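Novice: Listed below, chain by chain, are the residues.
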Amino acid sequence: MEFMVAILLGVLTACGVYLVLRPRTFSAVLGLTLLSHAVNLFLFSMGRLHSHTPAVIGAVDQHADPLPQALVLTAIVISFAMTAFVVALALRSALELRNDHVDGVDKEEDPI
Amino acid sequence: MHLMVFAILVPFFAGAFLILANQLASYLQRMISIGSSILLLVVALLLLTYALSGEYFIYQLGSWQAPFGIVLVLDQLSAMMLVLIAGLALVCSVYACLGDDARGAHFHALFQFQIMGLSGAVLTGDLFNLFVFFEILLIASYALLLHGGGRDRSRAGLRYVIINLVGSALFLVALGVLYGVTGTLNMADMAIKVEQLSQDDKPLVHAAAALLLVVFGIKGALLPLLFWLPRAYASATATVAALFAIMTKIGIYSMVRVFFLVFGGEEGIHLSLWQWVWPLAIATMVLGAVGALGAQSLRGLTAWMVIISVGTLMAVISEATIASLASALLYLAHSTLLTAAFFLLSDVIERYRPGCRDYFVPGPKTQDRVMLGVLFFTAAVAFAGVPPLSGFISKVWILSHVDSLNGYRVFWPTLLLSSLVVLVALSRAGSALLWRQNEQQVSQAKAPYMASILVGLLLLLSVLFTTFAEPLMQFAQSTATQVMLTERYLQPFVIGDI
Numbered sequence: 199m200e201f202m203v204a205i206l207l208g209v210l211t212a213c214g215v216y217l218v219l220r221p222r223t224f225s226a227v228l229g230l231t232l233l234s235h236a237v238n239l240f241l242f243s244m245g246r247l248h249s250h251t252p253a254v255i256g257a258v259d260q261h262a263d264p265l266p267q268a269l270v271l272t273a274i275v276i277s278f279a280m281t282a283f284v285v286a287l288a289l290r291s292a293l294e295l296r297n298d299h300v301d302g303v304d305k306e307e308d309p310i
Numbered sequence: 099m100h101l102m103v104f105a106i107l108v109p110f111f112a113g114a115f116l117i118l119a120n121q122l123a124s125y126l127q128r129m130i131s132i133g134s135s136i137l138l139l140v141v142a143l144l145l146l147t148y149a150l151s152g153e154y155f156i157y158q159l160g161s162w163q164a165p166f167g168i169v170l171v172l173d174q175l176s177a178m179m180l181v182l183i184a185g186l187a188l189v190c191s192v193y194a195c196l197g198d199d200a201r202g203a204h205f206h207a208l209f210q211f212q213i214m215g216l217s218g219a220v221l222t223g224d225l226f227n228l229f230v231f232f233e234i235l236l237i238a239s240y241a242l243l244l245h246g247g248g249r250d251r252s253r254a255g256l257r258y259v260i261i262n263l264v265g266s267a268l269f270l271v272a273l274g275v276l277y278g279v280t281g282t283l284n285m286a287d288m289a290i291k292v293e294q295l296s297q298d299d300k301p302l303v304h305a306a307a308a309l310l311l312v313v314f315g316i317k318g319a320l321l322p323l324l325f326w327l328p329r330a331y332a333s334a335t336a337t338v339a340a341l342f343a344i345m346t347k348i349g350i351y352s353m354v355r356v357f358f359l360v361f362g363g364e365e366g367i368h369l370s371l372w373q374w375v376w377p378l379a380i381a382t383m384v385l386g387a388v389g390a391l392g393a394q395s396l397r398g399l400t401a402w403m404v405i406i407s408v409g410t411l412m413a414v415i416s417e418a419t420i421a422s423l424a425s426a427l428l429y430l431a432h433s434t435l436l437t438a439a440f441f442l443l444s445d446v447i448e449r450y451r452p453g454c455r456d457y458f459v460p461g462p463k464t465q466d467r468v469m470l471g472v473l474f475f476t477a478a479v480a481f482a483g484v485p486p487l488s489g490f491i492s493k494v495w496i497l498s499h500v501d502s503l504n505g506y507r508v509f510w511p512t513l514l515l516s517s518l519v520v521l522v523a524l525s526r527a528g529s530a531l532l533w534r535q536n537e538q539q540v541s542q543a544k545a546p547y548m549a550s551i552l553v554g555l556l557l558l559l560s561v562l563f564t565t566f567a568e569p570l571m572q573f574a575q576s577t578a579t580q581v582m583l584t585e586r587y588l589q590p591f592v593i594g595d596i
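Order-wise, the sequence lines are chains A and H. For the first sequence, this note's numbering gives the first residue as 199, with consecutive numbering after it. For the second sequence, this note's numbering gives the first residue as 99, with consecutive numbering after it.
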């Protein structure tokens, strides 16, 4: 199972990084989503990988660590909200800059 | 001591109430916002008087015992940051009421949430909680950066959001590794666990520490990660930019706190991190100086001055001695106040010159030329490091405390040259904005006097900084000692009861 999770994490992260580096906002947003999936999975696996071990003391001999699960929950909420925000922002900047490049440069713009 | 949690709760309740009560008349919203900022300042000053005793104050949220529950920790460093945040928040919230807050919805609520994130980040003693407060202040800052709308803000905002989301992902990875290895998230507990690690686990902690360096480098704008900053700060509304002046410093604060505490010790991991920080910080200073020369508006120039100050701070802190940290803390306070003053001043100038704003182009004659000149001149003298104001004192103190060989060979010339470059850039800015006024009709535009008074207030702090330099230096010295000698911080956690 460790091997599979490791491969999955690697693939997710690699795809995420590749997409974040793309020039269009849509792929950047997708990349961020993949990255946050990878991160959540990683956090989750930090409580060590077991099967059939609920995070309840006394229910089974060996119980899972509940803290990473709580952390992942927080991280999921935050990343979910951020994805929504960045989608809205990408739409708005696509409308205002008349293109969907992350660097959306326009000829008639003022320098800094 | 329940007072500590008020530093987070006051802005939280004010912000939450303002969101619910967004139909309220604008003057009521302003009063709530300013009232909350005043209350926060009072709380921060009270906390500072407690912290001055040199003790650590630990507040266990919900009475959950540390290291299992979340703790807030108050020491001199966090108290100092808190006072800085609260003071700046008060000035900015009053300034926002001069018209900036009406340019978009929910300004005051977002402002209060930003303050909540900032004060939470400096108080917390738990790494995951630090992440959460970072997210709170970032989410508020995303919306604040876009406040007022416009193409520049959208573009700068998009980049800012994306790079910070990547930063958050890296932060979580680092936290995951640290938790996986040490089994705790409490900073003090983790510091003890890191000391006891086996050799096999050391590389993992090294990697996590390096990831944290990247994360704090993004927040603090260290060289390869700073390119979001100039445009973001230059395009933000003046009030927001002035508040953001403290945000880069929060990145630096986290570095100081986490690296010295968690990865500290005689031969700690932090030493190898500072080796990375030092050359990058020097390069940041150089790049900041180049950028300052190329800036075309006062706001852009100020953004680059933020970068120079960040570079200076990081270079000094990476010397990792008590004396250098003390001088860095003083410079941190000084540079935050001055860059905030410059952002507000650029808005004042913009209101006096509606057409050409704060760009360095000759404009019509403005009203109140003498007052603008005095404000600009004082601010420039104070920031560039010309005697007698705070820049001079803090830079002299920095120079006298950086006494390593590389410090003499590289840091001294870089700091002195970058100061010279800032002086040149500010002279150019001043003559373009205030002297080269063409023969067109005198412009009738005026800023409210309150705006100039607020800028003057920040500059007055710089004067007071000089007047009370000695007690401030003693405070910085004892703060740095407290930060670097962590035994007493860790003591209650070793015994296991607090």
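There may be inaccurate statements among the hints.
[Stated by the list, open to error] Here chain A is said to cover these stretches of chain H; the calculated rule only asks that three of the stretch's residues, wherever they fall, bring their Cβ under 8 Å from a Cβ of chain A: (1) 101–114; (2) 224–233; (3) 317–325; (4) 545–554.
[Stated by the list, open to error] Partner residues are not named here, just some residues of chain A that face chain H (Cβ under 10 Å, in silico): (5) 209; (6) 242; (7) 248; (8) 301.
Since the hints were made in silico from the structure, they are not lab data. Note that the structure is predicted; figures quoted are calculated from it, not measured. By construction, the Cβ of each residue, glycine as well, lies at the ideal position given by its N, Cα and C atoms.
Novice: Of the numbered hints stated earlier in the document, which are not met by this structure?
Specialist: Hints 1, 3, 4, 5, 7 not satisfied by this model.
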